[in-house]
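J.: The whole structure should be built from the sequences, with the hints applied where relevant.
Chains as they are written, first to last, in the working numbering: chain C, 29 to 642; chain A, 753 to 939; chain R, -14 to 284.
Please note that a few of the clues may not be correct.
Here are some of the chain R residues that sit facing chain C, going by a computed Cβ distance under 8 Å [stated by the list, open to error]: (1) Q39; (2) G46; (3) L54; (4) L57; (5) L93; (6) N106; (7) I109; (8) S112; (9) I116; (10) A118; (11) L119; (12) E122; (13) M133; (14) V274; (15) I278.
Honestly, the hints are just simulated from the structure, not real lab data.
The C-beta atom is built at its ideal place from N, Cα and C for all residues, glycine as well.
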Amino acid sequence: MAMETSFALILPVAFLAGKVSPALRNVVAVLAAAVSVLLVAVLYGQNLKLDYYALPFLGVELAMRTDALAWFFAIAVAAIGLLSIVFSLRYMQGRERLDFYYFAMLVVNAAMLGIVFSADLLSLFVFWEVMSWSTYLLISYRGGKAVAAGLKYMVMSIAGSCAMLLAIASLYATCGTLDLHGVAQGIAKASPGYSLFILLMFVLGFGIKNAIVPLHVWLPDAHSEAVSPFSAVLSSVLVRMGVYGLMLVMYGVLGEAGLARLKLGPVTFRHVLCWVAGVTILVPLLIAMLQDDAKRVVAWSSVGHGGYMLLGIAFGTALGVAGGLFHTLNYAVCVALLFLAVGAVEHRTGTRDLNELGGLMKRMPVTFVTALIAVCGLIGVPLTNGFVSKWFIYKTLITEGYPFLALVALIGTWATVLYGYKLIHNAFLGQLPSGYREVREVPFSMQLPMILLSLAVILFGVLPGIAVRAIGSAQASLGLKALESGLWALPPAVGELNTINILSGVIASLALVYVAFALATKARRVDQSDSYGAGSYVPMDRYQYSVNFYQRAHELIGPYVRDRVDEFYRWLVGKAEGFFEQARKMYSGNVNTYAAYIVIFLALLIILKLGGQI
Amino acid sequence: MDREEILKMLKSPANWGQKYSLWVVYFCTGCGVIEIPPVITSRWDAERFGVLPMATPRQGNLFLITGYVSLKTLGAIIRTYDQMPDPKYVVGFGSCPVNGGMYWDSYNTIKHLDKYLPVDGWIAGCMPRPEAIFMAVVHLWQMIDKGIATGYKRYKENYGYYERNQREILPHLAKFGRVETTAGRNS
Amino acid sequence: MLTRIALILALPVVGFLVAVLFMGLSRKITARIQRRYGPPLYQPIIDVVKLLTQKENISHGILFDLGILLGLAGAFVTIVFIPAGGIQPLSTSGDFLVVLYLMLLSPLGVALAAGASENPNASIGVSRKFILALGYEVPFLMAALAVMTRFGTTSLVQIVSSQQGSVLDWGALALPLPALATFLVLPAMLGIRPFDFAAAPQEIASGPMVELGGKYLGFAAIQGALHTYIVVALFVDLFLGGAANMLTFFAKMLAVFFVGVCINAVLPRFRVGQALRYLWKWPTILAFVGLVIAALRRG
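T.: Here it is, written out as structure tokens:
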């Protein structure tokens, strides 16, 4: 708890320190982030509650609490925040307004920690708002197109926050308190229609942040235009605050009984939410396949994988909720790593257009290996963390008898395979254009976060039990059935998955194959120009053959996977602007017209007051 | 397989493999290649000898120089030959690689392939019939057995001689200078 | 425990031998269909021996090497998780979902090696391969989900044992539409004509294998053979009842493979767009209807 107050003190210190010297500011920023990681780690396993502010005129005590669910999200937030700040040290060097940048990064960090640690809805809302506007500041940091992207984000975020505020005010009026337990008890007594209304308002608010399908339009622009370290934080933990909020509202406030009451015939609210999540998986991941800008690919992938998390959580079984929460953690690690890697490439080559890059594996090997591991984690190759969480989700969908949702999830993974390979191929494989022959690897302070994150990908893939146990206690803290699991194997009743056996199989096969490989003649290394070119040479720099990498698929599915929601919003905005343009004509600037308005309005008032007694 | 074959196989599996799995680089160098499709299709079926056409030089180990060799093609042939991994065999197919054949007085063809590439065997004719190709394959097997199909070794040992000849006739060959190519020049 | 380890080691070896036999059979049967004699049945062994004993090998770097190694190792690992006529040593460590994702390892390895080849033909070949995979995975996943829903389990061992009763219990008769759909996409999964455009020798100079020579090509050839084994074994396990002993299992595999060889011998090649349109039309419709029926029967 003390960290919150210390954070509140540190933020202006970081800003002021920058005025003294850049090195001091960097040290303060990194220390602040590191200290927060330590403080959160110390809180493992504890259930505390702290009242920190009283609002006597509302009769509300603002409180913070820590329990297993809060700790799970907090450690992810703190760790990725620290790694992003370490990455920014060299990435952002030489840009302007850096004091402001580090200040805003720390504010975002603090706000997210505040969100997960808040015990009542009002502090949740306050920290949510702090996070929203500080995110806007960071998204539009670069200026230019980033300002428009930030504005789009801000408008949608405000809409979501208004919905949340409406729900919170209504809950206060109904239940008399804003404490989570009190609200839960209050809602249990209310009608199903009322709880559906509250849930819908919260789903709007949290769904806009988590970017589920009709509400996702801000995400691709915002993620691509923000600076890479912040994109990493944004897509890995910031949007997952929506997941945290949904967990809290669906299971902490409404509870399973409350959710079960919301149905219309055989179709429950859970079904609807699962299908929304299904659409969120399928269409954005197919759109990601067709993008040419590296960060847009990862941004659309963020939207799609948010669907996996929502699917797992909305599905409700122990395996499902565990899968959804585990995927939140896994995806956070993978996408942060991927944004950092793309940022590293952009830092050295100056571009993130996939149609211009190529062959960087030879010049930036560490970035390549970590990006490859991240993409394998996204896809769900066995032995990476993404595989285990996706396995949970598929298994529960199939055993509970929802094959169509499982089909959508599985096809989403194949779309991920396609765009993942395209990202790796266009940036790192293939031929190295002569313009990039002198590109160097990024400095160590940028490599370190990437290496640590890729180790986490492998660790959680081979020993998933480490995280699944924490998730089990998070589930228990919300009153859900917890998933039991061993360190690397699941109990037979749950399913057949033993990651250590898979690992040993892979290692043994690799060893066997390597022996055969080494016994044959040692290979001679040839240069890039000594490649098959039909008796001639492959023209270098004359054409970039990774353009239109999936041309045929693009032709077939392109027309169907346009972002129609974005087009709808733009149409709506266009119509609204047209309407407001017309309405503006009321202000003609002519005093006679204004006098006429006043006279007519008074006449109308008098007529209304007299009623029918003229 | 009779007992002799089995003994030969056990003595040197590498030779056994090289013999019965000659993969031809499917590079049609000249008009002589018109005889190759009949050889590899059903009527004369080269596959029963283990001979298959392969798309790229990395995958092939037999190079049939079919027909006349113009100067431009020679550049491509040399590059293709350089890209093949050892052990590799070159067979001059038709009269043109032997002594110029029908184009003995042309300004644009080379008359003696032997000066630029090490050749393991020749097939005379214009064109040779498919049966002649099979006789050449069997002859190559015998040479491999005796260990005298050593064109690739000759190339490495006498590389100076071959390179001088190549440089004399094709001074602009890319391997002698810059490896990057610009518009208009591709060999 | 020791028998388990012995089985785990033996299964890939047996799979490898069967795969090599299938390759030889494929060339011989294709030859006979084309009214010629064809190479001897042990020709693939001669080819692999030649490739592995080649005196010089060409490599494009460390990822080139590692990619090919991963491709072959991934295939061996996948074989161990597929029941083969009563032999299922690692059945409690991985179910059908694990197998579906282990099947990703070996194409990924080959794709990485192809990317490291620095050749446009290789990249085009890999992009075609992935597009084809997206094409056949849609109907195949529907059919696989229909099987898992109908038998109520994700474990391949249980799927096989549910089909042991009689011929009427076979997946092909219990789920005729998904079985037909999978049969229609089987050539795509095997990478044979009419869907062999990913490694088209005449168009893109053998695609991903353009720079592979010597031991690399040998490993890639073995990986292709093992991939055929994996796909045909999965088909037999899902739809043809698996088997209680290995001989019956391999006989069933041979039957399926024979049909594949006949199709490969007589058909020409699709273009990529044509292939996608075919795969997403009738096989998808059949598999989808089959899935709906299976879901309704369960629910």
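J.: All hints are to be evaluated individually against the structure, with a verdict given for each.
T.: How the hints compare with the structure:
1. Of the supplied interface hints, the one on R:Q39 holds, with its beta-carbon coming within about 7 Å of a beta-carbon of chain C, less than 8 Å.
2. Hint on R:G46 holds. Least Cβ distance to chain C is approximately 7 Å, under the 8 Å limit.
3. Evaluation of the R:L54 hint against chain C yields a held restraint, the C-beta minimum of about 5 Å falling below 8 Å.
4. At about 5 Å, the closest approach between the beta carbon of R:L57 and any beta carbon in chain C falls short of 8 Å, and the interface hint on this residue holds.
5. The closest approach between the C-beta of R:L93 and any C-beta of chain C is roughly 7 Å, which is under the 8 Å cut-off, so the hint is satisfied.
6. About 7 Å separates the beta-carbon of R:N106 from the nearest beta-carbon of chain C, less than 8 Å, and the hint is met.
7. Interface hint status for R:I109: upheld, as the beta-carbon distance to the closest one in chain C is roughly 7 Å, under 8 Å.
8. The interface hint given for R:S112 is met, as the beta carbon of that residue sits about 5 Å from the closest beta carbon of chain C, less than 8 Å.
9. Evaluation of the R:I116 hint against chain C yields a held restraint, the C-beta minimum of about 5 Å falling below 8 Å.
10. Because the closest C-beta pair between R:A118 and chain C is about 7 Å apart, less than 8 Å, the hint holds.
11. This hint holds: R:L119 has a C-beta 6 Å from the nearest C-beta of chain C, less than the 8 Å allowed.
12. For R:E122, the interface hint holds, since its Cβ comes within 8 Å of a Cβ in chain C; the closest pair sits about 5 Å apart.
13. For R:M133, the interface hint holds, the least distance from its beta-carbon to any beta-carbon of chain C being 5 Å, beneath 8 Å.
14. At a threshold of 8 Å, the smallest CB-CB gap from R:V274 to chain C is about 13 Å, leaving the interface hint violated.
15. Hint status for R:I278: violated, given a least beta-carbon distance of 11 Å to chain C, over 8 Å.
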